[in-house]
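A.B. asks: Chains A and B are the protein sequences, given in the same order.
Using our numbering, you'd call the opening residue of the first sequence number 463 and step up by one each time.
Using our numbering, you'd call the opening residue of the second sequence number 982 and step up by one each time.
Derived from the structure by calculation, the hints contain no laboratory data.
Since no wrong hints were added, every one of them can be taken at face value.
Estimated spans, in silico, between C-beta atoms of each pair: (1) B:1068 x A:497: 36 to 42 Å; (2) A:491 x B:1198: 33 to 39 Å; (3) A:535 x B:1106: 54 to 60 Å; (4) A:531 x B:1249: 44 to 50 Å; (5) A:503 x B:1198: 52 to 58 Å; (6) B:1239 x A:506: 52 to 58 Å; (7) A:532 x B:1276: 35 to 41 Å; (8) B:1108 x A:538: 45 to 51 Å; (9) B:1287 x A:493: 27 to 33 Å; (10) A:494 x B:1279: 33 to 39 Å; (11) A:494 x B:1057: 38 to 44 Å; (12) B:1087 x A:503: 43 to 49 Å; (13) B:1287 x A:506: 29 to 35 Å.
All C-beta atoms, glycine included, are put in the ideal place defined by N, C-alpha and C.
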Amino acid sequence: MLQHEQIDPSLAEDQTLSALLDGELDEVEAERVFKRLREDPSVLWQWSVYCLIGDALRGEVMVQPKFEQRLRQALTAEPTLLAPMRRARRGRGYARAIAWTAAAAAVAAVTWAVWTALPERPAALQMAAQPNAVMIQASHVMPYLDAHQDFAQGVVAPPEMRFTQVTLVGHGGGQ
Amino acid sequence: MSAARRHRPPHGARLAKRCEARTNAAALGRWQSALLVALMAAVTPAWAADALPSQEAASWLQRLSDSARRTAYEGVFVFSHGDVMQTMHIVNRSTGALKESLLTSLDGSRREVVCRQGESLSMVVDGTGVRTERRPSSRHFPDLLPVNAAALTNWYIVRLGEMDRVAGLECRWLQLIPKDAYRWGYALCAEKNSHLPLKAMMVNEAGKPLLQYAFTEVRITANPRNAEQSRGLPALEPLARNAASEVITVRQLPPGYTRVAAVKRRLPNRPNEVEHWVYSDGLTHISLFIEPAVRPVETVRGESAKGMLNLLTRQVGNWQVTVLGDAPWPAVEAIATAVVER
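Input sequences plus hints: build the corresponding full structure.
C.D. replies: Okay, here's the thing in structure tokens:
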């Protein structure tokens, strides 16, 4: 049992992180936590532990010992690719907007992780998921969803969707 | 800093709780979990014994379908999908076999929808101003069953469930259990006398609700307050051209699905005119969008919360094909993979 008589600042922090994972923070609070995550490695560590616990609870990952260490080693062993980068032309406001989009995407990803945790039926056609999930702009698919609503149960708002790049196995004609 | 917390931080505890809620349906009302149990039992062969004979099933379905169009009523219903919940006010006037209804959203942006003669006109008031949208559809709760509902017995097994109480009225549950993996299941609670559906849900193969509608209050009357007649739809140009260029073809469709629409239309953010075909078994709708592939198309799968809506985009010859439907993945996949260029 937890003792709640004294307010332990680190406990408060735990709860903020937990609330962030659950998507319960508003923009301002979330931004504050993101700042903490950037600044304090111990908070970042706590965050990754929570994510791992969440994954493990949902049975999504096999928790392997020294995973992080092995990942770091693998990353070090990776050849460095140098590619020209376009210089950012816009001001700070633009950069901030991007950062916020990324933060929003991170929250969205957490929500989706919960959804994907539901067991899925094996598909009739085997699908090989690519290592990286593709985040398609919602604006790209929205017109389809909207047009579909014309024939589906029309008056309700189209729901959010999650996208993954896939390969249709045994389907040569595709690409 | 207790050891207990290290083992089970608040987030973990909350998640664990959430998982429990998800698996044992404890968060749902008692009657609802009873229904869930019934539906889950339904997936085992045991249901076959309780299934209505097809003649009787057809007449039940037809009664519900007719009632949603022919009954005059006024009420408030709640719609929920995933984390989204909406409340709408509805007035339905019966005009013979047709209907005219006015829906008004009670939360979020103000939204009014007039549905008449297979079309709907909606007015949305939000931060950016007032917008009107015209759509070639007038399907909405409680009018969810097709006009020819009896035909559904070919693809669904119908079970008569328990009596229940919704919005203070007595109703009888009717379950539509799909005979294959190409459609979701449905459960409707029909008011005892009028057979107006008071509650409806779309359920997945495990009997869990994907989408739910329920009246919180409803008045079934011969003469409800008239829906504002002045907002009737004026005679307008057709929304989209009825056409199918047949540049592609679908070699095989899942059982029961037929093409119910083929139109050419312009969509926002799309440079070219898009061809929109719709396949349906009467309850489920799957859209097929065809447009020229302007660049190589990645094969992408999409799904909404709990997998209710599924999508697959791929390239077929010179075309970008997108299949999207409020149907289980096997149905969307079956159509998407059967598309070939002519």
